[in-house]
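First to last, the protein sequences are chains A and B. For the first sequence, my numbering assigns the number 1 to the initial residue and increments by one for each residue that follows. For the second sequence, my numbering assigns the number 1001 to the initial residue and increments by one for each residue that follows.
I should point out that these hints are in silico values taken from the structure, not numbers from a laboratory. Owing to the predicted nature of the structure, the values given are computational and were not obtained by experimental measurement. Mixed in with the good hints, there may be bad ones.
To be verified - Short, incomplete list of chain B residues facing chain A, as computed with Cβ under 10 Å:
(1) R1039
(2) E1115
(3) L1116
(4) L1118
To be verified - Listed next, the stretches of chain B that the computed footprint assigns to chain A, with coverage defined by at least 3 CB atoms under 8 Å from CB atoms of chain A:
(5) 1003-1011
(6) 1023-1037
(7) 1043-1049
Claimed, not checked - Computed list of chain A residues with no C-beta within reach of chain B, every gap over 10 Å:
(8) A236
(9) G252
(10) L297
For every residue, glycine included, the Cβ atom is placed at its ideal position computed from N, Cα and C.
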Amino acid sequence: MAGAKTASRAAQLSEGVRHGVEIVREQVGVAVEGHRGARVTEHPLHGVDVRSGADGERRGRVTQVVRSDAGHQLRLGLTRSLGHCDGLLVLGPHALHRSGEPAGYGVPRSEVGTVFGGPEGGVSTLVLDCPLDSIVQEVAVEPPHPRVSTPWHTLCIIELIQEVGNMAGIAVVAYGIAAVLVVVVVWAATRRQEPLRVDGRALLALRSARRRSLAAIGLALVLLLVGIATALLVPAWLGIGATLAPAVAGVGGLLLYAATPPPQDDGAQARYAASLTRRTVWNIAPAPALAALGVALLLQLVLLVFAGMTSSADDQGRFRAITFSTDEYSSTATPYPGWFYALPLLVGTVLLALAIWIALRRIATTASLPGEGLEDLDSMWRSRSAQIVVGLAFAAICFQIGGTALFAGTTMGNARFQPGVPLGWQVLATCLTVLGFVSLLLSIVALTLAALRAFALPKRLARSDAEARSQP
Amino acid sequence: MITLDIASPVPPFEQVRAQLADLVRSGELPGGHKLPSIRQLAGDLRIAPGTVARAYGALEADGLIASSRASGTRVRDGQALSAELGDAAAQYVTAAQQGDATLEAALSAVRAAWELALRNRPR
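Generate the whole structure from the sequences, applying the supplied hints.
As C-alpha cells, this is what we get:
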C-alpha cells in the first residue's frame, strides 16, 4: 500500500538523518485534481507551486493552499506548531512520486515564513514563502536506500497525504445519482398499478398528506444542501455547518410535517366512526422500520462517543484531531470527528429523535378519515405516512453516520502511518470508511423511497384499499 | 369500532356510553384492553372531549372500565357476560327477528320480563 510505503519511507529517512534527533511529524492531506491514472504521476510539489510551475499540465492543491503569483508560496494547514525545529522537511505523497525526481524539500527553519492561525482561521497555517534558492536540500528518495543529510538537529517532517480529490467527489455524486435512479426504476417496475378510484371523502385527506410529506422532504433537501455549502462558503466554521446539516435537515423537515395542519372537516357526514384501538407513536409505524431507526440512532451515538474518546486536541485546543504517538514519532491528522464535532452532533441527534417523535405523534393524533367504511383506508394512510416520516429520519441519521464514519476512517487512516501503530487501527479505519460509504448509500435509498412513497400516496392507498377489500 | 349518528335523537354522550358498555359486556372488548384516549376518540367522532370524558366517567361508575393517570383507561376484568347468557340472548334475538319485532320492541319485551321477574322474586 502506498501509505505503508510512505510510513516506511519516513522511518528510513528519520534513521538517515541522525540518531537522537527530535522529529515532529505532521501529515497534511492533499487533494489531487485531474489524476489520469497510476502511470501518469507527477511530482507532488509541482502542484503546490513550490517550484516554478513546471508543465502546468497537472493541477493539484494542498488543503489550505494559497497560490501566489510568484509560484513560490506554499501554505499548509497544520494541527500543531513547528516547535523549536531547526529545519523543515516537506515530503510529497508517495503515490504521486515519480522515480528520479526529488521526493521532498528541506528548508531551514530560519527561512520558513510565518506560522500563524487562530480561531477565525481554523488550523494553523505555515507559510513557506522562501525563495527557491533557500531550499537547501532536495531529498532524493530512491528505494531501497533513501538517504537524506541535513545540518539540522531537530527536524519537522511534513508529509503530504493524498486525499480524495474533486474527481473522486464527482464520482461519489455520480454514484449517488445512479443509486437514486436504480431505486426509482425498481420502484416503478415492482409497484406499477392501475390507478383506482379513491373515496372522495378520503381523497382530500390523502392529498393533504402527500403535500405535507413532499414539503417536508423538499425542505430537508434544501437545508441539507445549504448546510453542506457552508463548508465551502464559511471555512472558518471548520465544517460544523456541514456536519450538522443532516440533523438540521431532518429536524426542519419533520417539524414542518408536524406543524402543517390537516384539512378541516366540512361536517357533511351524518355518521362518524372511531377505532377503539389507542394510536401511539409506537404502533402506527411498521415495527421493523422503527427497529431499524432505533439501531441507526444507537449506532450514531456509539460512533460519536468513540470518536470523541479517541480524539486529540489540535494546537488551538479543539478536539478535532487524532494523534498516534510513540517515543520517536508523532502523527496527527484532521479533521477527525472528535468532541469538537461530536458534541454538537450528539445534541443534533437528540433533537432529531425528538422531531421524529413529534412527527409520528402528529400522525397518531390526527383525526380519522370522516365517515363510516373508511377504517382500513385510515389505517393504511397512517402506516404509509409513518413510513415516509421514518424514511426521512432514517435518511438523515444514515447521512450523519456516513459522514462521521467516513471522516473518522479516512483521517484515522492518514494519521496511523508510522512505526509502532497496531494494525488494528488500519483495520478499524477501513471498516469505518466502508461503513461510511454504506451508510451514505442507505441514506440515498431511504430518502428516495420516502419521496416515492409520498408521490404515490393517493394511488398507493387506493390500491392497498382495494387489496384489503378483496381479502376475505 | 363505534359510530356516532349526528342526526340521532340520542345524545352523543349516551351513544358512546351505550356502545362501549355493550362491547365490554359482550366480551368484544376484553379485560385489560386499553381504550383510546379521550382526545383521540373525541377527534375521530368530531365531538367535544368533555362528551367522551362524561361517557368514560359513567362507564367507570358502572365498574366497566378503570382510569389511571399512568396506564390510561382500560376495560376492567370480569365484565363480560357469561357465554350461556350470550347464547340465550342470541336465541332471543333470532326469535324476535323471526317475529318481525324491532330492536326497540325486543328491548321493551326484555325490560317487561325483567320487571316481572323482579316482582315475582321471593323475598
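Consistency of the hints with the structure:
1. R1039: holds (7 Å)
2. E1115: Because about 32 Å separates E1115/B from the closest Cβ in chain A, which is outside the 10 Å limit, the hint is violated.
3. L1116: Constraint on L1116/B not satisfied, violated at 35 Å.
4. L1118: violated (33 Å)
5. 1003-1011: holds (count 5)
6. 1023-1037: holds (count 7)
7. 1043-1049: holds (count 4)
8. A236: Non-interface label on A236/A holds, nearest chain B Cβ at 48 Å vs cutoff 10 Å.
9. G252: For G252/A, whose nearest Cβ neighbour in chain B is about 27 Å away, the distance exceeds 10 Å, so it holds.
10. L297: holds (26 Å)
Comparing the model with each numbered hint stated earlier shows that hints 2, 3, 4 do not hold.
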